[in-house]
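The whole structure should be built from the sequences, with the hints applied where relevant.
Everything in the sequence shown is counted per numbering that gives the first Met the number 0, starting at 0 for the first residue and increasing by one.
Pairwise CB distance ranges, derived in the manner of DEER restraints:
#1 Ala417 to Asp231: 51 to 61 Å
#2 Pro409 to Ala608: 49 to 59 Å
#3 Thr49 to Trp241: 21 to 31 Å
#4 Ser568 to Trp241: 35 to 45 Å
#5 Arg485 to Gly275: 41 to 51 Å
Straight-line C-alpha distance at most 25 Å; calculated SDA-like pairs for lysine to any residue:
#6 Lys371 to Ile285
#7 Lys643 to Glu146
#8 Lys643 to Gly623
#9 Lys544 to Arg463
Since the hints were derived computationally from the structure, they do not count as laboratory data. Predicted, not measured: the structure shown is a model, and the values here were computed from it. Beta carbons: idealized from backbone N, C-alpha and C, even for Gly.
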Amino acid sequence: MNAMGRTFPWTLLLAGLALAQPARADDSVRRPAGEFADLSIEELANIDVTSVSRRPERLQDAPASVYVITAEDIRRAGVRNLAEALNLAPNVQVARGSNTNYFISARGMNGTSNSPANKLLVMIDGRSVYSPLFSGVFWDEPDVMLEDVERIEVISGPGGTLWGVNAVNGIISITTRHARDTQGDLLMLRADSDGGAAAFRHGGAMTGGAWRAYAKVFGRARSELASGQSIDDDWTQGQAGWRGDWQRGAERFSVNANAWRGREGQPAPGVIGAPGADQGLGDITIHGANVTGRWEHLLDGGGSVTAQAYYDYRYRRVPPTFSDAVDIADLQLQHALAPLGRHSIVWGGEYRYSWDHVGNSRFVAFLPASDKQAWASLFAQDEVALRDDLRLTAGVRWERNPYTGAEFLPNVRLSWRATPAHAFWAAVSRTVRAPSRLDVDAYVPGAPPYLLAGGRSVRAETARVFELGYRGQAGQVVSYSVTAYRNLYDHLRTQDVTPDGSAIVFGNLMEGRSRGLEAWGNVQVTDAWRLAAGATVLHEEFTLKPGSGDEGSVLTTGRDPAYTAQLRSSHVLDEARELEVAVRRNGPLGYPDVPAYWAIDARFGWRCAPGVELSVIGTNLNGGHAEYGVAPTRSEVPRTVGVKLTWQR
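Listed below in structure tokens is the structure:
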């Protein structure tokens, strides 16, 4: 890169920051009341979260390791998608292998030699977005208009009792705003050094409620290897959607519908590693649509009955290896009883049905190509107030999946509020990652004789988890949270040779142990300046059981940094200008080696007129770096600079 190319991003950013000199702004450009920027440390601790107990509770009271990314956090950071937004949470690891290929997990297990990351449950407004094909998330599919996000609850640790199998190491619950909070028009235009985006939203009123409609498009240019060679991972995608919310007496209704379509390059070595499949890689095409309906009836005394149903269709074509079309229908029922003395009980059930068809190739086959699967579950949880300052929570979930039958997911939590500002909690849980079609039905090549012959006898991967946590405040200036945990894994996935030596099959002959520490906090330095910091420490050990020689899985399971740290500074310079600076540090990854890296991000925002905000955003300002994958094919996450304009009325 020439000298001008190296200095231009810094010049553009510094030009924007030069506008940050103190200036008096007119009252008309002040933030609307009610935004998170106006909340104190104490008020932020009182934000309601729902993912921990399936009912609203104060963040300060939640007996779990939960971090909330607010709408204001997302706006201030200037992120472009959900994966980038998750970098704001100190208790989750986000690693980018290419433009469209993200690996995201909590407390480790972020992919292995024989399976992508698959132990994190991700939901958007209660709709699970994991793929039945491999029990993980294709991070190029789930998308929202970021300006419509109300909060993202990031729980590190198990959540199987309330949310089912696959909530092993964490839960990410994305909640979008009620339609009444998005009235009027909003236009967003963005240009970055590696792409651009545009979005428009219009909201209006209707009898008994409100609605909104939106559309967005974005594009991303190709990224590069460390050598500077361009790789085929350019990406364009568009999405549109509608949401309506209304209320009639004690009844609340919501309907949310979205449709999307995208095209992306497929960099070497391709999505599926099979002999010869890295030749003739073609562009990946994806599209889908979903609709979610929710009804809630408020009962006398504080209880409620809730029903949610959604239909989700997704299609993915990955030449030359496979295509996948899946339809998912899901129904959830929940009854939160009014308090019964010292007991608060919630119970319910879920039924999910999928129709899946894989287009096979000579490189890989899923047998059978078409499959219909059903999952059914029942859960119950009771929160008992043993004393005014002591709560015991106990629950269990019974869930039946197509491969391993019934699984039981118990959970016990004890929380003690020592003082109004200090709380301690402890938990013991058992959780499960159920097999998927990739574990059972995958064959390589697509016709006999097979090198890989599925895994018809695979078992569910299990984890027993022990946690201790503390959450506290020091006046109205400092808040902090610390969690220590110990995970004991069993029946982890391996690749083993059949007794006759004719093929490789998936098995469960590995076990593991991990322990770690998570900590984060906020400091309100002045009325206009807030610091947020977080760090994690993780140690993992994996061993094979007798009968397996899969040393590769031992080496590659645990592609996780031994430590991470981050520091964010949010400074309101005056009533119209603000500056956000973030520094992140990730430790090195093991085999294959990925060096440790620093990342420095910054955003300057200027409310230049009523309803108009102009931002200059820089990411990785200290230079590009690698985050995941083998050196010959992994993308460098580049330094980027962008300008964003948001207009609303």
